[in-house]
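Colleague: This is what each chain is made of:
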Amino acid sequence: MSEAAILPTRRDEAWRYSDTDALAGVDLGNWRAVDVAPGETVRETLVIEDENGNADGTRLTRLRVSIGKGARYELFGVIASAHLGRVEVEVTLAEGAHFEMGGITVGGRDTVREFVTRVVHAQPHATSNQVVRSVHWGQGTGNFLGNIEVVRHAQKTDAAQSFKGLLLEKGASVNAVPQLEIFADDVKCAHGASVGQMDENARFYMAARGLSPELSRRLLVQAFIGDALVALDDEGEHERLLQVALDKLDKHL
Amino acid sequence: MLKIENLTAEIDGKTILNGLSLKVAAGEVHAIMGPNGAGKSTLSYVLGGRPGYEVTGGSVTFRGQDLLGLEPHERAAAGLFLGFQYPVEIPGVSNVQFLREALNAQRKARGEEALSGGEFLRLAKDKAGLLGLDMDMLKRNVNVGFSGGEKKRAEMVQMGILDPAFAVLDETDSGLDIDALRVVGEGINAIMRAPDKAVLLITHYQRLLDVVKPDRVSILSKGRIVKTGGPELALRLENEGYDAVMAEPA
Ligand SMILES: Nc1ncnc2c1ncn2[C@@H]1O[C@H](COP(=O)(O)OP(=O)(O)O)[C@@H](O)[C@H]1O
Ligand SMILES: [Mg+2]
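So the sequence lines, in the order shown, correspond to chains A and B.
Residues in the first sequence are numbered from 1 upward in steps of one, following my numbering.
Residues in the second sequence are numbered from 1001 upward in steps of one, following my numbering.
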């Protein structure tokens, strides 16, 4: 049996829009465990950007997060590099815990950049909020596969997911797959997904005020991806993540 | 300052401007009046360089330059301002950010120094005050949730901040009540009445012209200028209607 036989394929739900050919030789067992103690708050930011000018290869980040009673875990990420860039998060929420995620995928060429989450509301009164914004051009693809499970006794769960894609050129694509498995009855779950293009009326309006096509595009993209960072309450990190995404746009489109 | 000669333009293959000629001298406020669908907004978009509005003949010279050879943002930097009949909403972009970037982009194109954040805010506050627009409105996203009247005031605040040499104002009076109309009209006078500036003022109504007194009035019909005269022409249009005034020999 070749080694490839044990790799995931696109038939696996969580890899449906991925580039599984890019997984050859990649260590898939590499999950990092994060335990957030009861009442604590942990925030992580992660950035997948070009390394030493290299924008290829496969970059996989896999997190298994357990959020204790009344605790809070925040994850903000930008995937702006790699042939396949994937951030995968499995989260289990205890009573009254909160999970906050803001994700941005950006890129062109023939790349796949994706967030894949599985959030288990295992106890009552926990909340989760996930916002993903994807901006692509060339043959670039951005995905958000978000699975939410609410167990039978996890009453008063409040879970929200929002995805928006912005396609700057023909040939780029985005995919959103929300999956809700809800076994409790007193639960709020909201999810929304949309895809669109740049507003050309706005761009002419901005040009009429003196903004070049590059500047108006940058401003509109900044406004678009800003949604994913509104909950990031750290100005320096906010700016850093925004710059990674906008630099990608400036340099590669 | 602006010379339009025999301009023809089409949208989707349909001819809208049909041999339009017009001259506007420095120091002049030139009103353009005309029935709905005459091509007034099309004229303003063609001057601004809007994609989809294809010039098929004629020329436009602006301050000695071939205006039609410039990109839309270059026209702005060259001193042209377009006041929109329907100002566009831009979610996620604040007026302050938008206008500061726009002003500094124009200044850069002209080889001038950028304004600092503080300098810009002082300027914005001054112009907002002139138009009676609360500074809080400028912190909000561009035109998002603004009433019709607020949008038109905001357009004039933008004009005040950008300080153009030439403004094309497309029905800036529509959607304004009498008080707002006076404020906006006086704003136009304060910002644009100068010997080295000029305005093309597109309007249906005499009431704006009572405040911004035009030096010249032209009637635009079926894609061309059919009559030009002094301020009395607007009054006659108001009293006698387009058909009567346009029927008589030029
Ligand atoms: N985007 C468009 N596509 C096709 N025809 C248009 C478009 N915009 C305007 N027109 C047509 O052009 C003509 C002039 O319109 P417009 O310039 O808006 O007139 P005005 O501002 O004088 O009312 C009208 O017949 C209108 O239907
Ligand atoms: Mg019009």
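One or more hints might be untrue.
Just some of the chain B residues that point at chain A, by a computed CB distance under 7 Å [unchecked claim]:
| no. | residue |
| --- | --- |
| 1 | Arg1050 |
| 2 | Gln1065 |
| 3 | Gly1069 |
| 4 | His1073 |
| 5 | Ala1078 |
| 6 | Ala1102 |
| 7 | Ala1105 |
| 8 | Leu1233 |
Estimated spans, in silico, between C-beta atoms of each pair [to be verified]:
| no. | chain 1 | residue 1 | chain 2 | residue 2 | range |
| --- | --- | --- | --- | --- | --- |
| 9 | A | Val230 | B | Glu1186 | 36 to 42 Å |
| 10 | A | Ala160 | B | Ser1147 | 55 to 61 Å |
| 11 | A | Gln139 | B | Ser1147 | 39 to 45 Å |
| 12 | A | Phe183 | B | Ala1114 | 53 to 59 Å |
| 13 | B | Gly1069 | A | Lys170 | 54 to 60 Å |
Calculated from the structure, these hints are not laboratory results.
For glycine and all other residues, C-beta sits at the position ideal for the given N, C-alpha and C.
Colleague: Should the interface hint for Ala1102 (chain B) be scored as holding, given a Cβ-Cβ cut-off of 7 Å against chain A?
Modeller: Cβ of Ala1102 (chain B) sits 4 Å from chain A, so the hint holds.
Colleague: Let's test the interface hint: is any C-beta of chain A closer than 7 Å to that of Leu1233 (chain B)?
Modeller: Violated - the Cβ of Leu1233 (chain B) stays beyond 7 Å from chain A, reaching only about 29 Å at its closest.
Colleague: May I ask you to test the hint 53 to 59 Å on the CB atoms belonging to Phe183 (chain A) and Ala1114 (chain B)?
Modeller: 58 Å Cβ-Cβ, so the 53 to 59 Å window holds.
Colleague: Check the following: the C-beta atoms of Gln139 (chain A) and Ser1147 (chain B) are separated by a distance inside 39 to 45 Å.
Modeller: holds, 44 Å
Colleague: The hint says 55 to 61 Å between Ala160 (chain A) and Ser1147 (chain B); measuring C-beta to C-beta, is that right?
Modeller: violated, 31 Å
Colleague: Measuring from the C-beta of His1073 (chain B) to each C-beta in chain A, is the shortest one below 7 Å?
Modeller: Check passed: Cβ of His1073 (chain B) comes within 5 Å of chain A, closer than 7 Å.
Colleague: Can we keep the Arg1050 (chain B) interface hint, with Cβ of chain A closer than 7 Å?
Modeller: It holds, given that the least Cβ distance between Arg1050 (chain B) and chain A is near 5 Å, below 7 Å.
Colleague: Using Cβ atoms only, decide whether Gln1065 (chain B) comes closer than 7 Å to chain A, and label the hint accordingly.
Modeller: Hint on Gln1065 (chain B): violated, closest Cβ of chain A at ~16 Å, above 7 Å.
Colleague: Holds or violated: Ala1078 (chain B) as interface residue toward chain A, Cβ cutoff 7 Å?
Modeller: violated, 10 Å
Colleague: Ala1105 (chain B) was flagged as interface toward chain A. Is the shortest Cβ-Cβ separation under 7 Å?
Modeller: With a closest approach of 5 Å, the Ala1105 (chain B) hint holds.
Colleague: So, Gly1069 (chain B) near chain A? Judge it on the closest CB pair being under 7 Å.
Modeller: violated, 15 Å
Colleague: Hint says 36 to 42 Å; check whether the CB-CB distance for Val230 (chain A) and Glu1186 (chain B) agrees.
Modeller: holds, 39 Å
Checked against the numbered hints above, the structure breaks hints 2, 3, 5, 8, 10, 13 and satisfies the rest.
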